[in-house]
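Numbering (the UniProt record's numbering), first residue to last: 1 to 491.
It is possible that some hints are incorrect.
What the hints assert, rightly or not - Derived DSBU-like pairs (lysine-lysine); straight-line CA-CA distance at most 30 angstroms: (1) LYS214 to LYS172; (2) LYS120 to LYS143; (3) LYS221 to LYS308; (4) LYS231 to LYS221; (5) LYS371 to LYS384; (6) LYS231 to LYS120; (7) LYS229 to LYS143; (8) LYS308 to LYS225.
Said to hold, decoys possible - Here are the simulated distance ranges between beta carbons: (9) ASP264 to SER60: 19 to 29 angstroms; (10) LEU202 to SER118: 21 to 31 angstroms; (11) ARG56 to THR228: 41 to 51 angstroms; (12) HIS53 to ASP264: 35 to 45 angstroms; (13) VAL113 to ARG23: 30 to 40 angstroms.
To be clear, the hints were calculated from the coordinates, so they are not data collected in a lab.
We treat Cβ as the ideally placed atom computed from N, Cα and C, and that holds for glycine.
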Amino acid sequence: METHISCLFPEILAMIFSYLDVRDKGRVAQVCTAWRDASYHKSVWRGVEAKLHLRRANPSLFPSLQARGIRRVQILSLRRSLSYVIQGMPNIESLNLSGCYNLTDNGLGHAFVQEIPSLKVLNLSLCKQITDSSLGRIAQYLKNLEVLELGGCSNITNTGLLLIAWGLHRLKSLNLRSCRHVSDVGIGHLAGMTRSAAEGCLSLEYLTLQDCQKLTDLSLKHISKGLTKLKVLNLSFCGGISDAGMIHLSHMTSLWSLNLRSCDNISDTGIMHLAMGTLRLSGLDVSFCDKIGDQSLAYIAQGLYQLKSLSLCSCHISDDGINRMVRQMHELRTLNIGQCVRITDKGLELIADHLTQLTGIDLYGCTKITKRGLERITQLPCLKVLNLGLWQMTESAAEIFQPLLWRRSLYTQHTRGRAATSPDTTHTITPGEDIRKVCRVRDKTTMYFIFCISFYTFASVTNPLSLSRSLTLQGLLHWCSVAVSGALHPV
Numbered sequence: 001m002e003t004h005i006s007c008l009f010p011e012i013l014a015m016i017f018s019y020l021d022v023r024d025k026g027r028v029a030q031v032c033t034a035w036r037d038a039s040y041h042k043s044v045w046r047g048v049e050a051k052l053h054l055r056r057a058n059p060s061l062f063p064s065l066q067a068r069g070i071r072r073v074q075i076l077s078l079r080r081s082l083s084y085v086i087q088g089m090p091n092i093e094s095l096n097l098s099g100c101y102n103l104t105d106n107g108l109g110h111a112f113v114q115e116i117p118s119l120k121v122l123n124l125s126l127c128k129q130i131t132d133s134s135l136g137r138i139a140q141y142l143k144n145l146e147v148l149e150l151g152g153c154s155n156i157t158n159t160g161l162l163l164i165a166w167g168l169h170r171l172k173s174l175n176l177r178s179c180r181h182v183s184d185v186g187i188g189h190l191a192g193m194t195r196s197a198a199e200g201c202l203s204l205e206y207l208t209l210q211d212c213q214k215l216t217d218l219s220l221k222h223i224s225k226g227l228t229k230l231k232v233l234n235l236s237f238c239g240g241i242s243d244a245g246m247i248h249l250s251h252m253t254s255l256w257s258l259n260l261r262s263c264d265n266i267s268d269t270g271i272m273h274l275a276m277g278t279l280r281l282s283g284l285d286v287s288f289c290d291k292i293g294d295q296s297l298a299y300i301a302q303g304l305y306q307l308k309s310l311s312l313c314s315c316h317i318s319d320d321g322i323n324r325m326v327r328q329m330h331e332l333r334t335l336n337i338g339q340c341v342r343i344t345d346k347g348l349e350l351i352a353d354h355l356t357q358l359t360g361i362d363l364y365g366c367t368k369i370t371k372r373g374l375e376r377i378t379q380l381p382c383l384k385v386l387n388l389g390l391w392q393m394t395e396s397a398a399e400i401f402q403p404l405l406w407r408r409s410l411y412t413q414h415t416r417g418r419a420a421t422s423p424d425t426t427h428t429i430t431p432g433e434d435i436r437k438v439c440r441v442r443d444k445t446t447m448y449f450i451f452c453i454s455f456y457t458f459a460s461v462t463n464p465l466s467l468s469r470s471l472t473l474q475g476l477l478h479w480c481s482v483a484v485s486g487a488l489h490p491v
């Protein structure tokens, strides 16, 4: 009986090919006729987004994509007309044009000349020449749109939001990051709270208003009254909102994630309003709100105790605030307290004693913690992610991480502000292998790097070779280098 792979049914081959990455899916089609036919099965390409450079005409491009069942496209560079894409893929579901700086209202207008009922996702982020005129076209012809990304489209005004509210009633996600002309009036249009004929986008579940500087508490009033299905609200860097606006948000029972990062006018009073309402938040971010203090943690423990993720980076909190919070926060899984310079070992001990379900903690820049506090944190049974950026690790301190080598498995957690690791800088170390034989250090004085021991991150390590002497590599480690003043290089 034949057992060679070429004897497999095409359906089985297609199932195998579906697990390959996109590049390999294309390569298997070049092996033989049978593999080519199997690789064209639509199940192989389900969910794949084609990334295209539209530089010159290619008559076979779109028929090939349609044969594979690909209906999601990202345009990396747009030197041809956008109508070329729309005509070539009439059943397109997702169109990503982010960063296509040369896209204009005229180009978009020529592309959208009739209804495209299949299109559900449109990304125009950083298409800086797009204005309200394009939003009129979108509202007229893309009525089934569910996701619209307009981040960085700085020419969008309240009129554009009125057009969206008039035509896109099925919209579930809208990103207006850094749309500097948007004000309370525009948010009122979206929420159906103005006297215009627009009904509003009342099905919205995800709304990003990051860095919309003209918004005030009136926008939050509109949102709370009109957008009652909202689940995620991002108000980070909105300097015009205040504690009073939190009263409006405090009764949005559908809301489960609220981002108030760098909202300078939010204080303990605002957190009190949120805690006294009927919110069922699972995620709250008040990082870099320098008016947030220990009293906020007491309010959170009283009324927002169901939180699973809490970010307090650079807030004015101390061990006393941690003590007032931890006993009630049994659901908390992620705690970010980076740059909270008043936190000491006492606070870490309280966290270790009471927040036993934590899977991740950020201690970046917590300069008052020592080896004693870290020993307690590393004993948390569920901990997978630990960020110690800017913490100076000595040879003796490194010893406390020895038990972590036995925990399961691997992931890369990058330090704040560092570039992502490229595949060329990774190396797998086998059990018992000496680090010094695998890597060489060009600058032995100070070296920033990341390496993973069951999801743990260590950064800013002084004298890295001492670490290799302190740790016995019993498990499989995945090293990832990030060069600053020194670099880690596979031999």
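Tested hints:
This hinted pair checks out: LYS214 and LYS172 have alpha carbons roughly 23 angstroms apart, not beyond 30 angstroms. At most 30 angstroms may separate the alpha-carbon atoms for a hinted pair to count; LYS120 and LYS143 meet this at roughly 9 angstroms. A distance of roughly 26 angstroms separates the Cα atoms of LYS221 and LYS308; the hinted pair therefore holds under the 30 angstroms criterion. Proximity of LYS231 to LYS221 is assessed by CA-CA distance (about 16 angstroms); at most 30 angstroms being required, the pair is judged to hold.
Proximity of LYS371 to LYS384 is assessed by CA-CA distance (about 19 angstroms); at most 30 angstroms being required, the pair is judged to hold. The straight-line distance between the Cα atoms of LYS231 and LYS120 is roughly 19 angstroms, inside the 30 angstroms bound, and the hint therefore holds. At most 30 angstroms may separate the alpha-carbon atoms for a hinted pair to count; LYS229 and LYS143 meet this at roughly 19 angstroms. At most 30 angstroms may separate the alpha-carbon atoms for a hinted pair to count; LYS308 and LYS225 meet this at roughly 26 angstroms.
The beta-carbon spacing between ASP264 and SER60, approximately 55 angstroms, falls outside the hinted interval of 19 to 29 angstroms. The given range of 21 to 31 angstroms is respected by LEU202 and SER118, whose C-beta atoms sit roughly 23 angstroms from each other. At roughly 49 angstroms, the beta-carbon separation of ARG56 and THR228 lies within the given 41 to 51 angstroms, and the hint holds. Checked against the hint of 35 to 45 angstroms, the C-beta distance between HIS53 and ASP264 comes to roughly 42 angstroms, which is consistent with it.
At about 35 angstroms, the CB distance of VAL113 to ARG23 agrees with the hint of 30 to 40 angstroms.
Checked against the numbered hints given earlier, this structure breaks only hint 9.
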